[in-house]
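There are 2 protein chains.
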Amino acid sequence: MADLTLTTFNWVPEPPRGLVRDLRVRWALEEAALPYRVASTPFDDRGPAHLAHQPFGQVPWLTDGDISIFETGAILLHLGERSNKLMPTNPRGRTEATKWVFAALNSVEMASLPWTMSKFMGHPTDTAAWKFVDDFLKLRLGRLEPVLGSREWLAGSFSVADILMADVLRVVDRFGGLADSPACRAYVARATARPAFAKAHADQIAHFAAADKARGA
Amino acid sequence: MADLTLTTFNWVPEPPRGLVRDLRVRWALEEAALPYRVASTPFDDRGPAHLAHQPFGQVPWLTDGDISIFETGAILLHLGERSNKLMPTNPRGRTEATKWVFAALNSVEMASLPWTMSKFMGHPTDTAAWKFVDDFLKLRLGRLEPVLGSREWLAGSFSVADILMADVLRVVDRFGGLADSPACRAYVARATARPAFAKAHADQIAHFAAADKARGA
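Heads up: the sequence lines are chains E and G, in that order.
Take the first sequence: its position 30, counted from the start at 1, is 30 in my numbering, and no numbers get skipped.
Take the second sequence: its position 36, counted from the start at 1, is 36 in my numbering, and no numbers get skipped.
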């Protein structure tokens, strides 16, 4: 088996901890029980060595032997080909999971990111721009609600699509954005109750906390 | 060969014509020279028959035999498995194309969509919210510029990743957002100079223009 290495920042400030996207990859690796190691890249200096793996200066990236992959969607599809715990094995099921991978990122996160970033930044909510952002998210959640009310997981069985969708929705939930979407809220609750999520989340928190100690030393 | 059918709206208002996302799928189908037909779904009534294929009430979707796929990213990856004109054939090249498919949508369009929608809606540009949106796009374009300055196409040869990236960037270009990104602008120019783009664009315009006549009749 090739050597899987997940690279994330060596440290991040307090607010994004628990939200850094290496969590999605950790979660998938834990679900699949694939062996991996975690490497660090400097948060304060995103130089050529970083950009060679992740041209936008972000994290995470994953190396699988001599292949290097960035974008959590691409990484999770790659891991989905390595474990039937992450993707259905039949072609129809794989197509189903793939379309929901894109839907999580492009139909839902495309609408939720401007919303959660505005909340995070404390932008005023009495503007036309905010109303547009808020209406856009509500429109998408309104469409998602009956989908998540009618099935346990998006593609028949638990898959990488659920890792992405649940990770997108739990940030909205944190800011109270799922108040009118009980099926979405229940879905976040059942996804994040999985032991692999708990392990991934705790490992990310511990990774950055250990860096605090190193900085303080 | 299975029967490929692309479904788009039967009609849309004037402003989004040339921008409706069936264009991405038409472009890929034209590049690959795969036979396909175009079907229509009512713009004014997005009922259960629509939502069964596209749960968010959008277009396009593609049926390939009895498989139905929504999300242009998922559709283009699916078509990439059917034609070596759309994806490299070696595993490394396929991984490269897949990560740039996600990067086009999630690293670039995630930043460009709030920007282009604000322009489209005419939101004020003297707000903290606008500055955040504008800075976010500039950050991403700044990272993309050296990538597109150093290669003709994203994944070695022309691929579905280029269809998505060029389609995302040409909308930014339309609103003048690539003024400080000459390599991005040159990339949009060489991608949209391809005959398959021209055919796809003309076909979309003609499709909606024909619907105008039917409405007027």
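The set of hints was computed from the structure by calculation and includes no laboratory data.
Among the clues, some could well be false.
Since the list can't tell identical chains apart, any single copy or any two copies may satisfy a pair.
As the list claims (entries may be wrong) - When the alpha-carbon atoms are kept at most 30 Å apart in a straight line, the in silico DSS-like pairs for lysine-lysine are as follows:
#1 119 with 85
#2 131 with 119
#3 85 with 199
#4 138 with 119
Results for each hint:
For a Cα distance limit of 30 Å, the shortest separation of residue 119 from residue 85 qualifies neither inside one copy, at 35 Å, nor across copies, at 43 Å. Proximity of residue 131 and residue 119 under a CA criterion of 30 Å is satisfied in both settings, with 13 Å inside one chain copy and 15 Å between copies. Proximity of residue 85 to residue 199 under the C-alpha cut-off of 30 Å is restricted to the intra-copy arrangement: shortest distance 17 Å within a copy versus 42 Å between copies. For the identical chains of this complex, residue 138 and residue 119 are neighbours both inside a copy (15 Å) and across copies (21 Å), given an alpha-carbon limit of 30 Å.
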